[in-house]
Amino acid sequence: MTDPILVTENLEKRFGGVVAASEISLSLYPGETVAVIGSNGAGKTTFVNMVTGYLKPSAGAIRFRGRDITGSTPRKTAQAGIRRSFQISQIFPQLTVLENVMMADIAAADGKGGLWGAALTKPRMDRGRAVLERFGLESHADTEVGTLPQGVKKQLDIAMAAIDDPALILLDEPTSGVSVDEKIEMMDRVIDPLKGGGATLLFIEHDMDIVTRFAERTVAFYEGRILADGPTDEVLVDKEVKRYVIGGVHA
Amino acid sequence: MMKTDFRREPLHIAILAGLLILGFFLPDWMRFLLQTALAGGLVALGVALQMRAGLVNFGQGLYYVLGGYAVGMLAAKAGITDVFLLLIAAIAIATVAGVVLGLLLSRYREIFYAMLSLAVSMILYGLLVKAAWLGSTDGFNIPAVTYLGWTPDRTVRPDVYYITTAVLTVLACLATARYLTSGAGMLCEAVAENEIRLEYLGASSRKVAFIAIVVAAALSGLGGGLFAMSTGHVDPLMTNWTTSGGFVFVALLAGRGSTIAPVIGFFLLELVRTYALDFAPNAWQMILGSVMLAVILLLPNGLWSLTEWRRKA
Amino acid sequence: MQKFTAIMLDGMSYAAWLFLVAVGLTLIYGVMRILNIAHGAFYAIGAYVCASALGVYYSLGLPGVFAFALMGVVALVAGLIVGLIVERGVLRNLYGRDEVLMVLVTYALFLILEDAVKLIWGVKSYFVYQPYAHFGFIEIGGLPYQVYDLLIVALAVVMGIALWFWLERSRMGRMTTAVVADREISAAMGINVKRVFATTFAIGTIFAVVGGVVTAPKIAVTPGIGVEVIILAFAVVVIGGLGSIPGAAIGAVFAGYARALSVHLAPEFELFAIYAVMAVVLAIRPHGLFARASGRKI
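Residue numbers (the working numbering), protein chains in the order written: chain A, 1 to 251; chain G, 1 to 313; chain H, 1 to 298.
No wet-lab data here; the hints were simulated from the structure. There's no promise every hint is true.
What the hints assert, rightly or not - Chain H residues, not near chain G, derived (Cβ > 12 Å throughout): (1) Leu9; (2) Leu101; (3) Phe127; (4) Lys194; (5) Phe272.
As the list claims (entries may be wrong) - Below, simulated BS3-like cross-link-like pairs (lysine-lysine); rule was C-alpha separation at most 25 Å, straight line: (6) G:Lys207 with A:Lys56; (7) G:Lys77 with G:Lys130; (8) H:Lys124 with G:Lys130; (9) A:Lys76 with A:Lys112; (10) H:Lys124 with H:Lys3; (11) H:Lys218 with G:Lys130; (12) G:Lys130 with A:Lys112; (13) A:Lys195 with A:Lys76; (14) G:Lys130 with H:Lys118; (15) A:Lys76 with G:Lys207; (16) A:Lys56 with A:Lys76; (17) A:Lys183 with A:Lys242.
Said to hold, decoys possible - These stretches of chain G come out as covered by chain A in the derived footprint (C-beta under 8 Å, 3 or more residues): (18) 182-189; (19) 197-204.
Since the model is a prediction, treat every value here as computed from it, not as a measurement. Think of the CB as a built atom: it goes at the ideal place given N, C-alpha and C, for glycine as much as any other residue.
I would like the entire structure built from these sequences, with the hints used as guidance.
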């Protein structure tokens, strides 16, 4: 088997006396699509926040492509090739959809010393348009983002995470806020373009239909720990997972 | 692209240049007013630049006074009168101040930035008022400047100074437009709108804010230098809160769409002020404040782009 | 040794004065999210009204003791009137607007009030030293010290405790605390947020006016005193953490002793001392000692 792209070892996060995550040891392999499931407060977002440097782990280590990135910052992890989308979409509300991806492209240039040249170049415009096409957003290109429906905002949020072809993309509840019958459609629209760039994917999800359909591997979180980790069809029928995680979601 | 595209800015600046040529047909007093307003307009432009990144600087007069005093002290105390050296010094000292303050303040946003920038400029005001060797509240006079050894005599001096100011204003606008079309300039809007996203894309919002602060400082330093040269006098009022408030006011009303808007806006403000001073000599602060309030209360969604782009989706 | 005593006493008296002014600023921000630049103008108005009122009082030849009662009345009345005019006339129409826009609003108010003060009282100086001289000196550690200054310290302590009691114990105060914690939930629970705001603003204004009133006998009341005060109050609340009342107290103590130390040891750095402290605090804690923790945003 190839080397893992991301390794976390015994990650732990405490907020005062509260343990939000502990003993999180996980390896992601290039090209995988992994789902993370668990009830609210199980530590899923805390995990993503630690990997991307938004939260400093209280203990443990994170390695990305063999390099230690424990306690890094969102900016440095982004420059290293880890990008993410957000449960509540983080976009530039006053700009148009095209401007949003252009801005993302310009921002990605900062890490490479590209802040001084003229920003609105032809290649960049073309790249921006290409991203919109890949994610099926071209019909909204010139719409101001703040006025768009929730689903399109989430889609744009995900598209922005894919700018600059990162090696690892973490999606925090990509279908939250999207109506039930549109969830699968939404995932259909984003998963292929994301995989097309060759990225390793990890997504947090509550809907087991989506997990079954899109993830070959699933990690179940419970009370800050990993309860199960393995092929999706095995994890979803695991007794403990059924009892603590899936039962919890539908309760 | 709507707000972020400054590629057509050279056209705007060409219009400004055309308007400035018309300055030769204005009465002398008004052309002089225009000339000093151009100097102040560069400061208002600096305030507007920072506003694009969500930073409202209530103390931009700090850089204005530094530029002015740099010219004044070199010319009056050190005997350096070459206009090019003086203006370079004005820009340099303001830029250095911008770098130092930028390092300290670029991490702050919103009211913290507003409050700290105001406080720092007031501290400098307090220092200058107490500095007897710099004339305290009266400031001091500055000798006429020279152009590579040539001293324009009294008859041509107004023309030469006007041309100098106009040309440099146009050049400064062009340089600003260049900055605005660069990555650093474009990302200011991303800083104002969503810093979390910006950082997660691998860019430093602090660096983007810092660059905006320094560029604004350089512009304001040049403005201060031009003002000192034009009036032959500097005093601490250049960094008074009322002065800085005028810059903020103009920057807000002029918006962030073009480099020439704050420059022209500041001229209009100065024009109003000239008449207001005739009408009510001791009430300029009150008039300025009342107009600010009236605009905020009566045009809540009109020109106040400030509130608009902060309302998160 | 005498120098040490002097530093301790001066630092305390200066801290008390700073606290009186800064606590209103921080209270108004904490509750209303309004950084009130006009706070300095309120202070100036307090000083001028006090000077005028006492001027009339003494010209009537009335007994000196009751001058203090008059000062108290003046502070309350002036504070309430100014506070209510500004709150009702301007701020009430703008609640819920962007914080930076509100800075602009109070900045505009500050400009207007500064000129209003000049129009009413002119640019000359007013002196009303009588209350300051009234109590004479007391000897502390071999050092003669103005009793009036010690009384200001006592006043600051009493008013600080009263404010704390009000916030913790009274119904209105508890509602205020609830609004600070969460404005939406408080409104949903039936708290009249507008009334809380009006009360808070009036109390904050009274603090500023009291600061001006008690200071008037010590200084020449001239244009510009409001500005000096607002920059110092900024430093205090920045040190303590904007919106925190304990922060205002600690910030006032830091700033007060910084100033006392430099006055006695290195007078030429007087102005810098407070800002040096502020810079050091900001370097260690960017949003002040008692900064509110910002919640997780994502």
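**OP:** Return the numbers of the hints above that this structure violates; sort them in rising order.
**Re:** Of the numbered hints given earlier, those the structure breaks are 2, 5, 10, 12, listed in rising order.
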